[in-house]
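The lines below spell out each chain.
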Amino acid sequence: MSKLTREETESLIQEVLEVYPEKARKDRAKHLAVNDPSVEQSKKCITSNRKSLPGVMTIRGCAYAGSRGVVWGPVKDMIHISHGPVGCGQYSRAGRRNYYVGATGVNTFAEMNFTSDFQEKDIVFGGDKKLTKLIQEIEQLFPLHKGISVQSECPIGLIGDDIEAVSKKAAAELDKVVVPVRCEGFRGVSQSLGHHIANDALRDWVLGNRDGKTFESTPYDVTIIGDYNIGGDAWASRIFLEEMGLRVIAQWSGDGTIAEMENTPKAKLNLLHCYRSMNYISRHMEEKYGIPWMEYNFFGPTKIEESLRRIAGFFDDTIKEGAERVITKYKPMMEAVIAKYKPRLQGKRVMLYVGGLRPRHVIGAYEDLGMEVVGTGYEFAHGDDYDRTIKEMGDATLLYDDVTGFELEEFVKRIKPDLVGSGIKEKYIYQKMGIPFRQMHSWDYSGPYHGYDGFAIFARDMDMTLNNPCWGKQTPPWKVLKSDDALKAAA
Amino acid sequence: MANIMIRKTAEGGLSFYLPKRDLEDNIVSIEFDQTNKWGGELRLANGGTYYVDPLDAPPRLPISLRAKRVDAPE
Ligand code: SF4
Numbered sequence: 007m008s009k010l011t012r013e014e015t016e017s018l019i020q021e022v023l024e025v026y027p028e029k030a031r032k033d034r035a036k037h038l039a040v041n042d043p044s045v046e047q048s049k050k051c052i053t054s055n056r057k058s059l060p061g062v063m064t065i066r067g068c069a070y071a072g073s074r075g076v077v078w079g080p081v082k083d084m085i086h087i088s089h090g091p092v093g094c095g096q097y098s099r100a101g102r103r104n105y106y107v108g109a110t111g112v113n114t115f116a117e118m119n120f121t122s123d124f125q126e127k128d129i130v131f132g133g134d135k136k137l138t139k140l141i142q143e144i145e146q147l148f149p150l151h152k153g154i155s156v157q158s159e160c161p162i163g164l165i166g167d168d169i170e171a172v173s174k175k176a177a178a179e180l181d182k183v184v185v186p187v188r189c190e191g192f193r194g195v196s197q198s199l200g201h202h203i204a205n206d207a208l209r210d211w212v213l214g215n216r217d218g219k220t221f222e223s224t225p226y227d228v229t230i231i232g233d234y235n236i237g238g239d240a241w242a243s244r245i246f247l248e249e250m251g252l253r254v255i256a257q258w259s260g261d262g263t264i265a266e267m268e269n270t271p272k273a274k275l276n277l278l279h280c281y282r283s284m285n286y287i288s289r290h291m292e293e294k295y296g297i298p299w300m301e302y303n304f305f306g307p308t309k310i311e312e313s314l315r316r317i318a319g320f321f322d323d324t325i326k327e328g329a330e331r332v333i334t335k336y337k338p339m340m341e342a343v344i345a346k347y348k349p350r351l352q353g354k355r356v357m358l359y360v361g362g363l364r365p366r367h368v369i370g371a372y373e374d375l376g377m378e379v380v381g382t383g384y385e386f387a388h389g390d391d392y393d394r395t396i397k398e399m400g401d402a403t404l405l406y407d408d409v410t411g412f413e414l415e416e417f418v419k420r421i422k423p424d425l426v427g428s429g430i431k432e433k434y435i436y437q438k439m440g441i442p443f444r445q446m447h448s449w450d451y452s453g454p455y456h457g458y459d460g461f462a463i464f465a466r467d468m469d470m471t472l473n474n475p476c477w478g479k480q481t482p483p484w485k486v487l488k489s490d491d492a493l494k495a496a497a
Numbered sequence: 008m009a010n011i012m013i014r015k016t017a018e019g020g021l022s023f024y025l026p027k028r029d030l031e032d033n034i035v036s037i038e039f040d041q042t043n044k045w046g047g048e049l050r051l052a053n054g055g056t057y058y059v060d061p062l063d064a065p066p067r068l069p070i071s072l073r074a075k076r077v078d079a080p081e
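Protein sequence lines, in the order shown, are assigned to chains A and B.
One rule links them: number in the numbering used here = place in the first sequence (from 1) + 6.
One rule links them: number in the numbering used here = place in the second sequence (from 1) + 7.
Chain A with its partners taken away, still in its complex shape (with noise of 0.2 Å):
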């Protein structure tokens, strides 16, 4: 299908938007809009970061999912406790495969789900002292733990329970950093105000634990932040980041430790990949310890070389021709990935609809394959990630901000686009429909896709999935009509 006009896509959210109710239709209505890279600032086009509206289905998730899931989760040598029922931790567990490098169960923990268990005692008496023995034997079982935090699900704001006391009186009797965060679910209307939470809690409790002692430092100490290492993402990036000769202290949170996370105010410069995520965090180290922070992207070459050529540009000489030569030493790799898969992905068609930074990070990798997306969407991003997505996108593309289920099947309907990257909920509604699909979260089981190595993988996944023989074998046999000469032939 050809590409739809300005007029077209209007229409056809206006189509779409037909089947809601009056109120219903006005609100959705703010949320759905026909790119202009234009526009300079997105809340003249999209609204976000609003409450889901009630009875439709929303892909988002909770407060506490964007605490313990995305921002600490990956913390390895930590033990996280999901304080509160059962079932918020241990449906989640693992789901994110941050990769990570330890003996689980030993000296890492990040794989593994800890839980208070809530019953209706505990609801009803308060669950502190549970709390306090659960700390107690954590201790006792797993020594060689870091430290803790207790990651609050909904009852415990709704009972009123005081972590921060028991936090408080833990951490002096284990001598380790004990750190309560408030990230009940109901907070917000998404993970994101989950991941400010965490964030902030960072910075209360963690941050400032080794100030004024002494660090060796470089001056070519950088961070990753932002990065949580799905699939070994963050390897894939950090490989080639100390190839053009910087030093990476520290791992947000992929594959982290708090060791790491406590010396980061000795960074010289801290590398933001997911801005959502974790750009509180870095504007307040920018504020207190001076540290400039810089937004990159590790999809695809052009972006590659497009970020570290700014990196470098924090740096002296030497950084410089570091990743003049780094870029040099991958260039015929990337040729030669873009040679192979680049004819049989030219001009193909991808709506996306992600959450964090990938809506508008994976243009560009998609873009050096000759492909093009033609559709973009957040779960949960605010009107500062609109502010830099409409630039990425061509015109008259459709943006979607905490699509429905509903809205998303019915423009791919429309829109007809050769691929769909989405989340697990959706990939088997788009396949039965007869559409490639990716999932986006997690790679699909695949990765890493950040950086060089990572685009290699990139490409093969999506060829693999895009051409697929299983996409012509949609109808049954005995549903294709047999022509006479077939008939006899079978006779």
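Simulated from the structure, these hints should not be mistaken for laboratory data.
Cβ coordinates follow ideal geometry from the N, Cα and C atoms, glycine included.
Hints may contain errors.
[Unchecked claim] Here are some, though not all, of the chain A residues that point toward chain B, as calculated from beta-carbon distances under 10 Å:
id, residue
1, Lys49
2, Ser54
3, Asn55
4, Tyr286
5, His290
6, Glu292
7, Glu293
8, Met300
9, Asp390
10, Asp391
11, Asp393
12, Gly478
[Unchecked claim] Straight-line C-alpha distance at most 30 Å; calculated DSSO-like pairs for lysine-lysine:
id, chain 1, residue 1, chain 2, residue 2
13, A, Lys152, A, Lys175
14, A, Lys397, B, Lys44
15, B, Lys44, A, Lys294
Use these hints to put chain B with the ligand onto chain A, whose structure you have.
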């Protein structure tokens, strides 16, 4: 009154960040920018105006301040 943050942009100008409203914009003019007085009315690129109590000296940026909304476009 709301918490805001003012920081230097890569281009050398000032940017205004109001987390509560997701507003990040360039400051086009600042009422007082002298060695002994800094702050006052801040005019943003989007047409809005905010007021911060003047400081005795230009601060080290970025800085978090309390600001009053004088006039905002929306
Ligand atoms: S909304 Fe509350 S109960 Fe539901 S998963 Fe989040 S923290 Fe748990």
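Evaluated hints:
no. : hint                : result
1   : Lys49               : 7 Å, holds
2   : Ser54               : 8 Å, holds
3   : Asn55               : 7 Å, holds
4   : Tyr286              : 8 Å, holds
5   : His290              : 9 Å, holds
6   : Glu292              : 5 Å, holds
7   : Glu293              : 5 Å, holds
8   : Met300              : 9 Å, holds
9   : Asp390              : 5 Å, holds
10  : Asp391              : 9 Å, holds
11  : Asp393              : 7 Å, holds
12  : Gly478              : 45 Å, violated
13  : A/Lys152 - A/Lys175 : 16 Å, holds
14  : A/Lys397 - B/Lys44  : 38 Å, violated
15  : B/Lys44 - A/Lys294  : 22 Å, holds
When each numbered hint is compared with the structure, violations occur for hints 12 and 14.
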